[in-house]
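**Student:** Knowing the structure of chain A, use the given hints to seat chain B with the ligand on it.
Spelled out, the chains give:
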Amino acid sequence: MVRKHAGQPLRRLEDPRLLTGAARYVDDLRFADLLHVDFLRSPHAHALIKSIDAAAARALPGVAGVFTHEDLRGRWGGFPVPGAPPAGGGDGGPAAKDPPRPPLADGEVCYAGQPVAAVAAESSEVARDALELIDVRYEPLPAALDAAAALEAGAPRAHASLPDNVAFRWERKGGDTEEAFRKADRVVRVEIRTERVVPCPLEPRGAVARWLPGEDELTVWTSTQSPHLVRAQLAHGLGLPESRVRVAAPEVGGAFGSKLGACAEEAVLAVLARLLAPRPLKWIEARRESMASPPHGRGQRGALELALRSDGKVLGVRYEAVLDLGAWSGPSAHLAAALAGSMACGAYAVPAASVAVAGVLTNKAPAGGCRGAGRAEMAYAIERAMDLAAAELELDPVEVRRANFPRSFPHGTAAGAVYDSGDYAKTLDRVLELCDMPRLRAERDARRRRGELVGIGLATYVDLCGPGPSRALAAGGWEAAAVRVGPAGAVDVFTGACPHGQGQETAFAQLAADRLGVSPEDVRVHRGDTALVAGGGGTFGSRGTAVGGSAVHEAARRVEAKMRRIAGAALGVPAEYVEHAGRRFVAGARSIAYEEVCHRAHRGVELPEGLEPGLEAACAFEPRSFTFPFGAHVCLASVDRETGEPRLEGYWAADDCGRAVNPLLAEGQAHGGIVQGIGQALLERAAYDEAGQLLTGGFLDYALPRARGLPWLRCDRTETPTGANPLGAKGAGEAGAIAATPAVVNAVVDALSILGVRHLDPPLLPERIWRVLRERSGP
Amino acid sequence: MIPALEYRTPESLEEALDLLERHGEEAKVLAGGHGLIPALKLRLAAPRVLVDLRRVPGLSSIEPLPEGGDGFVVGALVTHREIEVSPLVRARCPLLAEVAGAIGDAQVRNFGTLAGSLCHADPAADYPAVLLALDAEAVVASRRGERRVSAGELVQGVFETALEPDEIVRSVRFPGPHFAAAAYSKARQAASGFALAGAAAHLKLDGRRATDIAVGITGVAARPFRAAGVEDALRGQELSPEAVEAAVRGLAAGRELTSDIHASAEYRARLAEVHAKRAILRAAERGSAGA
Ligand SMILES: Cc1cc2nc3c(=O)[nH]c(=O)nc-3n(C[C@H](O)[C@H](O)[C@H](O)COP(=O)(O)OP(=O)(O)OC[C@H]3O[C@@H](n4cnc5c(N)ncnc54)[C@H](O)[C@@H]3O)c2cc1C
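From first to last, the protein sequence lines stand for chains A and B.
For the first sequence, the positions run 2 to 780 when my numbering is used.
For the second sequence, the positions run 8 to 298 when my numbering is used.
Same shape as in the complex, but just chain B:
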């Protein structure tokens, strides 16, 4: 029951950016449609112009970064499924492939895009935990030029981003380096499959010791965040189960947490701890298995 609107299918990025510049707040970008179409049907969003990116060339590939290293860049139209099975992603950053494969169901993964998920800014989305842990950035384009925005900055709140109405995320950059010691762990909301709490851990290991560690958390608050306290407590430490258990305690303390029929704030806080612990320990295990 989508309200009447103007549907446009630009054939180049310039044309798409022109349309956004012209229509401003009245326009919305359409990628996989698995965030936007439900919102349109429920009449939660009512744009006058829909700018479908699917005919825009150059947005559908995953490419190595030209500057070398193991970084790569994911185009705006790349789907969850394409990430899940990409040989390049699997080789360079299995964590990203893992989280892509944990999203929704096969239909959702075949349509939904990484960039779309980021721009939708659903507080229960899976990717943000991983994107934060990997220091990923969005490459944002408009008629005014191009800028890079870190994933943490891009997502401002519940369905709120730092994008201007005339901007498009053309790709998401994963700068690297990526370590084998990485894992994602989530508690699924039983109905939607989204994350009640999700944690991504990315570790640089020296034996059992974490010389560097990044932990991203999603699902528990209006915005995803890095568990800085956990990272500080474990950086340079041996990752024994006891040490990790102690480090994750209270990781969400002091934050305003989501509370709804699926989980109270208190329970979400606990889930965040448990899944952070599980992600870190699984990452450590993978790292030492690979070493």
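So that you can see chain A by itself, here it is in the shape it has in the complex:
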């Protein structure tokens, strides 16, 4: 297979337009007769709506309409959730019993921030003024805020209509865990808590919806990761055939899992577009709304136990967890639970595993899958436990991990995952070399003797990504692509993936260029529009390149095969004898130009017998399996003895995402992911007060990591191809976010270990550490 462009660190072709401000996001779309939509949101975590009086708002000049649940009645058939897991909790995840989710509150509000009413007006200012004139009378109800407490008998219920707060219970068992724990020389137990984090894309959510009466067509331009999924959901909700709904994503400024599938606001917009037709409607979320609205990630509390032999061999793992799902849980939250369960063995060959997860409804913003969903929570738990195991058995944390790595691949785990390919010792050795572990340890020990609090943290991880084989996902796991070569040789690639910052326009151009013998700059990649692309899963779960890229590769290969046939006919040899070298097709001394082949294909003359004119091929690529990237990360941290502030002094990573189509993109993903993981470890949390109000409702209070305060990231890669797809590529998007949290927490806990500290949960806020220091060493 020719890899002239693939494998090269090509700079992103999309960057010039992104960096010069020429890119167009939803809010940049201009319409002459636009109406602006804004939402009145619940101020209460849980309450009954006694009455809504919108007369004054309706009377305000410039207001086109005020709408509540009553106005949607009969016009919205509900979210079908085509991505819902198979009933009974098959591979895709547990079956949940969430109540149906009304786009506008139906008599009851279940979290602060839930949309209650919508206003359409001539300007966004008038819309906001009108919201202030709507008089809603609420009767507050007790709120379920803590997921664990919400499980107890008599706890306040998150929804008045449900008998309890359990959305699902989900278990997975493999091997004989009882036996493993009976035989263990030592059992290590760690109770962990990962707090809710908010995915904070640069661009908040937003959409424009327009119904054209003559065409009977709804067009929705929206900031999404998955246009085809949104189309399916809106068509279902509106009772329209999918052919009457077009969903298009303009430029999308990041998502991290928060733009997967249609949201309540998009549903409302779609309904109102028909009521207010033909005027288009625009809704752009304010930052404070995007903090308080769905979906948050990670909120989980659990206990992990390892059954250990005294030499450090892990005989069994047991994990029990409670997930804080918020007021409604989407399919991605359920998938997160399943993903966590599947990864309970981490990077280790563990003969027995048992996982039990309870998904609990609370009166907080709905939860969903956030970059590294499920796997990050699980990797955090198991990597904390591995450090504790090393400490209790007085073994080297590096060697305990190494001793438990699987020796051969594919490796089936007791938790039910089949790790496709790997060489875990290779990334471990690489990171030890990168950071010069012996020197790092000597330095740490010397500084400790001087009274400093310094620690080294290690995390090895396996990621599960590239969803997936279709049998594992209700919505299917394949990805669509089409490649079209025009009469003059221009190449258009159409992908069902929906890159929103990952740089796949470049990666896909590289793949198509290799097959067609052109350069990546000659390839135009179209994405994000159901009118352009027949089908598509979208971009999530680090699947874009592995699944979407494979579809592009295969479609381009099919076009190229046709070009060879045409060239062969022209050169008088069978297609197998035609060599494709750059922009020429060659047979012996004779050759024909790429452009000439394109021309003949489109003119439809002198084609081989029976060959259709044109140069176009489609592919629905079905991956053979999930892919399992892996790696090892090391962090050096110190703690200020006086203030408790942790400081990261160094960070080293060795990742393996299979064969990288573009190493520069892979490194960019590693950096972004690591920084997100650091954010979770040190800073980020969606903090709610006792009344269920979000206290971290904006960037003045919700702390994201910044360049200041970050160490230099030294990243390297190894390449262990996968057989799941023809590219040998795994995923690179989430690994950093999975590995960095445990690496950082392990480093800070190691720094504090000389004071007897065994465990601390993120975020490691200075005050939390300061309190520990004060307890341990006196004021």
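Keep in mind that the hints are not guaranteed to be accurate.
[Unchecked claim] Output of the computed footprint for chain A on chain B, the stretches with three or more beta carbons under 8 Å from beta carbons of chain A:
#1 197-208
#2 277-288
[Said to hold, decoys possible] Residues from chain A that keep clear of chain B, each with C-beta distances beyond 10 Å, as calculated:
#3 R25
#4 I50
#5 R76
#6 E126
#7 R170
#8 E180
#9 A287
#10 A391
#11 V419
#12 D446
#13 A619
#14 A688
Note that these hints are calculated values from the structure, not bench results.
Ideal placement from N, C-alpha and C gives every residue a C-beta, glycine not left out.
**Tutor:** Then chain B with the ligand, alone, in the frame of chain A:
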């Protein structure tokens, strides 16, 4: 999502003062906008008239005080960035340049003004610690005349000042003398970058001994304050780490301290001590290095 309002751009101080006199409580002065615009967007402030000072001449410079010495005066429109890089400020009072450079990020420093920060009276703002330690005063103008108000008096509480609705701070005066032994130390609130606790130390040194000392504290209470106890304990003393550590202990005792999700009152009290100590010791080091 700023509510509709009348936007005025007076071309002289008199015109600006006229507008304030006419509209009273309904008007608000706009300088760099980095305190006010966010408040307008969140609809926490809803003035009917916005009086933008940016076209008013004579408010944009940093000048030496006419009476000589090393004092200077900073006009109402001078930005954090201009202070940070001003040769005059750097030569006469590096402490002020240092704190200006510690504020927010480059965008904030390019827009926000010293006078605006003072008038905004955010309890977590950085400047007040320094202004208190330097005995700076605001020069306040209105149609009724001009008065001087010390920084400590100007800031009355959380977003509360001693200004009348018709008054403008036209400049901030730093009377001097300024000593080389000066430093600012802060704990950043991780999200906003504002001070969870900030301390400024300004020392007159004789060898290792502080013949005079001023310590201003911000971020921990509704108002900034001078750590008088610390000053008294160290005045005339050798500034050994032990002496300073002992002196800062309990510096916030007896005050009502801020407590929020970013730091409890107890932790803020400790941060104030630690950063006061660090500011004093760093100031002392600078003073002896310069001597
Ligand atoms: C992202 C961000 C980060 C920040 N980080 C920090 C930080 O780390 N540390 C810090 O200290 N500050 C920080 N700030 C605040 C910043 O310093 C502001 O610039 C400052 O508080 C206000 O100054 P301004 O010139 O922008 O005033 P404006 O926003 O224009 O006005 C603020 C208030 O003061 C009044 N006012 C302004 N000028 C005058 C005058 N001459 N006379 C009378 N009244 C007047 C206005 O009416 C208004 O009420 C930050 C701000 C932002 C947005």
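**Student:** State for each hint whether it applies.
**Tutor:** Here is what the structure says about each hint:
1. 197-208: Since three or more residues must qualify, the claim that chain A covers the stretch 197-208 of chain B holds, with 3 doing so at under 8 Å.
2. 277-288: holds (count 3)
3. R25: Per Cβ check, R25 (chain A) is outside 10 Å of chain B; nearest 22 Å; holds.
4. I50: Nearest chain B Cβ is 23 Å from I50 (chain A), so the label holds.
5. R76: About 28 Å separates R76 (chain A) from the closest Cβ of chain B, which puts it past 10 Å; holds.
6. E126: For E126 (chain A), whose nearest Cβ neighbour in chain B is about 6 Å away, the distance does not exceed 10 Å, so it is violated.
7. R170: Consistent with the label, R170 (chain A) stays out of reach of chain B, its closest Cβ about 32 Å off (over 10 Å).
8. E180: About 46 Å separates E180 (chain A) from the closest Cβ of chain B, which puts it past 10 Å; holds.
9. A287: 7 Å, violated
10. A391: 31 Å, holds
11. V419: 41 Å, holds
12. D446: It holds; D446 (chain A) is separated from chain B by about 26 Å at its closest Cβ, greater than 10 Å.
13. A619: Non-interface label on A619 (chain A) holds, nearest chain B Cβ at 45 Å vs cutoff 10 Å.
14. A688: The claim is violated: A688 (chain A) sits with its nearest Cβ about 5 Å from chain B, within 10 Å.
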